[in-house]
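Please build the complete structure, drawing on both the sequences and the hints.
Listed here are the chains, written in short residue letters.
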Amino acid sequence: MTKVTMTVNGKAVSGDVEGRTLLSSFLREDQGLTGTHVGCDTSQCGACVVHVDGAAVKACTMLAAEADGANVDTIEGQSNADGSLNVIQQAFQDHHGLQCGFCTPGMVMSAAALLKDNPKPSETEVREYLEGNICRCTGYHNIVKAIMAASGQDVTAIAAE
Amino acid sequence: MYNFEVEKPGTLAEATAAMAGEDAQALGGGQTLIPTLKQRLASPAKLVSLSGVAEMQGISKDGDALRIGGATTHGAVAADGNYPALSALAAQIGDPAVRNRGTIGGSLANNDPAACYPAAALGSGATIITTNREIAADDYFQGMFDTALDEGEIVTAVSFPIPQAANYQKFVQPASRFALVGVFLAKYADGIRVAVTGASNEGVFRWAEAEAALGDDFSASALDGLSVPADNMISDLHGPAAYRAHLVKVMTGRAVTAAG
Amino acid sequence: MPKDTGIGASPVRREDVRFLTGTGEYTDDIVLAKQTYAVFARSTVAHGTIKSIDTSAAEGMPGVLAVFTGEDFVEVGGNPAGWLINSRNGEPMKEPKRPVLAHGKVRHVGDAYAAVIAETIEQARDAVEAIEADIDELPAVVDMNDALSGSNFVHDEIETNQCFDWGWIEDNRDATDNAIKNAHHVTTLELVNNRLVPNAMEPRASIGSYKASTGEYTLHTTSQNPHLTRLLISAFVLGIPENMLTVIAPDVGGGFGSKIYHYGEEALVLAAAKKLGRPVKWTADRTESFLTDAHGRDHVTKIELALDKEGNFLAFRTDTKANVGAYLSNFSTATPTFLHGTLMAGNYTVPLVYVNVKAVFTNTAPVDAYRGAGRPEATYSLERVIDKAARELRMDPIELRRKNFIKPDQYPYASAAGLEYDAGNYDALMDKMEEVADVAGFEARRKQSEANGLMRGFGVNAYIEACGIAPSNLVGVLGSRVGLYDAATVRVNATGNLSVMVGAHSHGQGHETAFPQVVAEMLGIDPAVIDIVHGDTSKIPFGMGTYGSRSLAVCGSAVVRATEKIINKAKKIAGHMLEASDQDITLENGVFSVAGTDKSVTFGEVALKAYIPHEYPLEDIEPGLEETAFYDPANFTYPSGAYACEVEVDPETGKVRVDRMCAVDDFGNVINPMIVTGQVHGGLAQGIGQALVENTSYDENGQLLSASYMDYTMPRADDMPMFHVDHSQGTPCTHNPLGVKGCGEAGAIGSPPTVVNAVIDALQSGGTNVTHIDMPVTPARVWDAMQNAKSEEA
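Protein chains in written order, with the numbering used here: chain A, 56 to 216; chain B, 450 to 709; chain C, 68 to 861.
FYI, nobody ran anything at the bench for these hints, they're computed from the structure. Positions of the beta carbon are idealized from the N, C-alpha and C atoms, including for glycine. Each hint can be trusted.
DSS-like cross-link-like pairs, simulated, lysine-lysine; straight-line CA separation at most 27 Å:
#1 A:K58 <-> C:K101
#2 C:K101 <-> B:K487
#3 C:K606 <-> C:K278
#4 C:K722 <-> B:K698
#5 B:K495 <-> A:K58
One-sided and incomplete, this derived list gives chain B residues near chain C with beta-carbon spacing under 7 Å:
#6 P623
#7 A624
#8 S625
#9 L686
#10 G688
#11 Y692
#12 V699
Here it is in structure tokens:
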């Protein structure tokens, strides 16, 4: 076992991990942060996306040991300081951008990473950016709409409903 | 996964020393290696993480060549503008989160027959720089998942001669988002190079006939009379060999047109 | 009451907040004290005889607490099929035992033959590798034709591999044959409805626990219908008394059918928990999900359509082989029969329908209901052959359909496939579709595509489906072994807020938001005070769960009935409080009034009176305000729709891109348009996925080639267009109190033939005579079809 220390959602945390412990396991099992979901074994589905030092990564495809010393942000840390939904979360709710909720944490984290680099993405850019996030419920329509709305764009013109 | 130790060297010397241990394996971004370990298809005793090795970071212009550290992520290459076709290729690997972890050294060391970077390296006549030596791309790729690397040898950097014009055309395998067929074409003063990934059972290869034809006439129509034999093409549920052979020509034509 | 909260409004979903903040609670998120972990040993061959299983080395491994094999479950029951189908000759279907763990033989790759329970999941995995199983591989039965004619048997006692040979409607068989023989024109099409893997994003997971002091078991599991799971475990598999077993389905990350069924892993974790006296958790990885979740579709069909010279439909005849996989999953026999054959008249006045379905065992994963379940198969066959007929007869595909539509004045309409449609207006849907899809603008778009070097095609489709399978009396006659009602309890608490316990389970459908809209509208109160309780058998009277787009039509109707009972009782209490007859009490905006007076009490005051019954007519009215209703529908509901799709096909690569997708549906009345629209979107994506990319591929040895997301293509955001969705043309269902029909599956039913029709149109318009391509219409298949068409012309 090796001791790792990192900052998760602004709080310093540490724990003993095996070499093989994934960042997703460390977050879910050691830290009880079960909002980061695991939906596949091959780094495709994106339900586990978190930010490591500000960059979106798939927490199921990164060793916890490699995140030693890093700044990790997860879905649990996304709300505003007063506990209200942040602008992306609120847009997902307003535009019905989620159904079963399982892919949602990864979607929100990917959307946040996208909007940080590209504050006003086009529909095509949003769709391309979500290449690594699979949703089985929504058909993506309302996810794309929500992300565009979160970027401050007018989405009323987007295809009827 | 079977358990293993993780070592995180800060320098190349430390990395080389760490790799000398028994059953040590280099860990780049882990975007292929970690899924492989999850399936228990490999059982290294130790993973040597290269992401902290200072000498393996960064992108620098070196005369007419672009030198990219082996631990540089796809995302960093995509954001670099010095070799636009190469950046465009990097921007098509995996997805944004994968590009934030996966590295050029890891990709080239793995040499997946459907990976994008091997096409760029071979298509650019790049030089693979390792802990021990420099290897010309033409000598480096030795078949599916097989390279000239020796045990413990690490890809520390890759040097790409910057061409006059280049383009990468990727027809994606829709599930994995690797290349079903990817063609990297580069035009240099001394000739044209065309490298194909995703298509062949032998891994990445150069399409010599197309290079010759395009050397005489750099236009898509120069390919008209050519065809790629389907004999050694990959056949799987995403497409039979004949389809891949067909796509090689289509994608090469598009690369020529796009490269201008 | 504000217009933005009741029936017809689209309030945002209240469940979203927990999902958006990472505080939802899915089964794998739950950690019980002293929890242990189960990992299964699964067959790597498709078919084999288990000669021996040596677990001794595994038992001695670090952390290992127990190892189970099929031997341990020989004495317990099998997981049954929920619907008995009789063959045409009157023989009952073949029904082999489906054990908790394979015993004697393994029958598909992934079939579990042993399980290890250990302190950690990695220890359990290590120990599974130490199990020494001597399995003698047998030839795999994969192709259905080979299965029916060969000499290898999935179940040794079923020496044809045929489960049943079903005819519908058998009395129509000769007349249908004659109509086809004598018709002016017959269009024939052979097609494959491709096998799909449901791929809910949350993999299945179960935690069994046992309390020795009371003998109570609890199962947390990823289920669409916890009561049915409890019933199956209690009555058939483990024999745990129903009142000693609680099944909890907490937040569930999608189901699409795959989580309707009871699976052996659920029984294993319960049995193991009892043996160890500790909770036992199992969570599937994605490959396990691919190998063991019940798959969908997998029909091979020949369909014939007979027409007269005016284009009137005279008869449909189909011959279908339906793959049921290695074992019968719970609804696997109903799906290709009563959920498929009964829809084979479509939206049409065709007088004759005959359907033959042979269900076939193979060494593949079990196949069962997946979003749409039988209706997508029916719709695909019908709407593809109609499209082909239109092309052969040089008729407009929309006009050919309109010519044969049932007209609005013909309801109730007895279809030639045995159903009674209660309401619909297919011409109105088609009209609306032509407007929403901008059919008039198609030619201009086609020219633009041609200018870009692409072939554009237009595809159309009309569908009808049947939701809320019912009534129980009828389905009982047809072979169902369960009732198909649902139940709800409305509990008004003393302080005036409500708990509504529903038998339906929400795993994405938004019940926690939509059901309160119904109750709030009826009571005239703020929906915020109404809480929906679901997914826990200890809290809910009973339920048949969520599948088949039944939740609102069936469970919602039970909610209405229970709320009506609440209103009746509350009026009696109010009448007493206001010294008036309950007949004179009206309820409006949450206030009970004596008609024609200014005397009134609020809903809250009545609730308080019910629980503090001072000055209360105890001789006439019981205290409390809680009512339960069970609702058993009089008929199916019949959603219908008209869909349109435009695709662009790259002639060089064969790649198809969906450019426009339009769905106009008749769902009857709509409670929450936002949620309904979202349901259609999801269905469309799954239908487009089936049509273009999703390919479940077994090789000849029964190895699943597409067993991960590296090879099974999930539709991604950039595969989809924005959708045009409309449900303004609703004709209310005539027999349920809300007039609702069901919207969950429509998109997946209506879209596959629409997309394929559009691809064929694109190829034809590009001058290539391709009449059919099997799904998924991958670039390689399009290119291959174009090559073949060219070489035929040459």
